[in-house]
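Visitor: Sequence:
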Amino acid sequence: MYYAGGGYNYASELMKLLHNLNHDWPSDISPVLCGGMLINDVGGPTTFKETDIRIEQFNKSIKSHAHGVNAQPGLLEKFTSALGHVQKLTDPMCTELGIDIENKHHAKVRQDKDVQILLKHLCNEKIFDFTADVPSEHAVIDLY
Numbered sequence: 001m002y003y004a005g006g007g008y009n010y011a012s013e014l015m016k017l018l019h020n021l022n023h024d025w026p027s028d029i030s031p032v033l034c035g036g037m038l039i040n041d042v043g044g045p046t047t048f049k050e051t052d053i054r055i056e057q058f059n060k061s062i063k064s065h066a067h068g069v070n071a072q073p074g075l076l077e078k079f080t081s082a083l084g085h086v087q088k089l090t091d092p093m094c095t096e097l098g099i100d101i102e103n104k105h106h107a108k109v110r111q112d113k114d115v116q117i118l119l120k121h122l123c124n125e126k127i128f129d130f131t132a133d134v135p136s137e138h139a140v141i142d143l144y
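Numbering follows the UniProt record's numbering, in which position 79 of the sequence shown is assigned residue number 79; successive positions increment by one, without gaps.
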């Protein structure tokens, strides 16, 4: 098993996310849900950053209060684009006012480093290089 950044939990979360994006989530809502996890508040091609647990909970809270837990994808798209700006405004304000930020015990996760480590490992091990593949001599269970 691969341990991203030394912690198995983050690698597991990444694999669950990839599975959900490709198999479980409806195709019309997958981009919205993924958009809620990566924010590009500056608009540059390489300025995406992951949201932290506070922003994810803020998104859930808005969705629940506005239209219940089954909000439409269009509504989520409107809120998601503002989350990066909201975080930039609330962090300094909370600091200046001396307000304890909810869930401050959660460390900011740098999953971008985990993804870089995972990508390097997959490339070094040639996981997706199928040129040397040979058919199996034994029965193989088709998981798909």
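Possibly wrong hints are sitting among the right ones.
Stated by the list, open to error - Simulated pairs of lysine to aspartate or glutamate, EDC-like, Cα-Cα distance not exceeding 16 Å:
{"hint": "1", "residue 1": "113", "residue 2": "28"}
{"hint": "2", "residue 1": "16", "residue 2": "142"}
{"hint": "3", "residue 1": "78", "residue 2": "28"}
As the list claims (entries may be wrong) - Derived CB-CB ranges, DEER-like:
{"hint": "4", "residue 1": "82", "residue 2": "29", "range": "15 to 23 Å"}
{"hint": "5", "residue 1": "123", "residue 2": "78", "range": "36 to 44 Å"}
{"hint": "6", "residue 1": "30", "residue 2": "96", "range": "35 to 43 Å"}
{"hint": "7", "residue 1": "133", "residue 2": "92", "range": "23 to 31 Å"}
If you're looking for bench data, these hints aren't it; they were derived computationally from the structure.
Quick reminder that beta carbons are idealized off the backbone N, C-alpha and C, glycines included.
Visitor: Kindly indicate which numbered hints from before are broken by the structure, ordering the numbers from low to high.
Guide: 1, 2, 7
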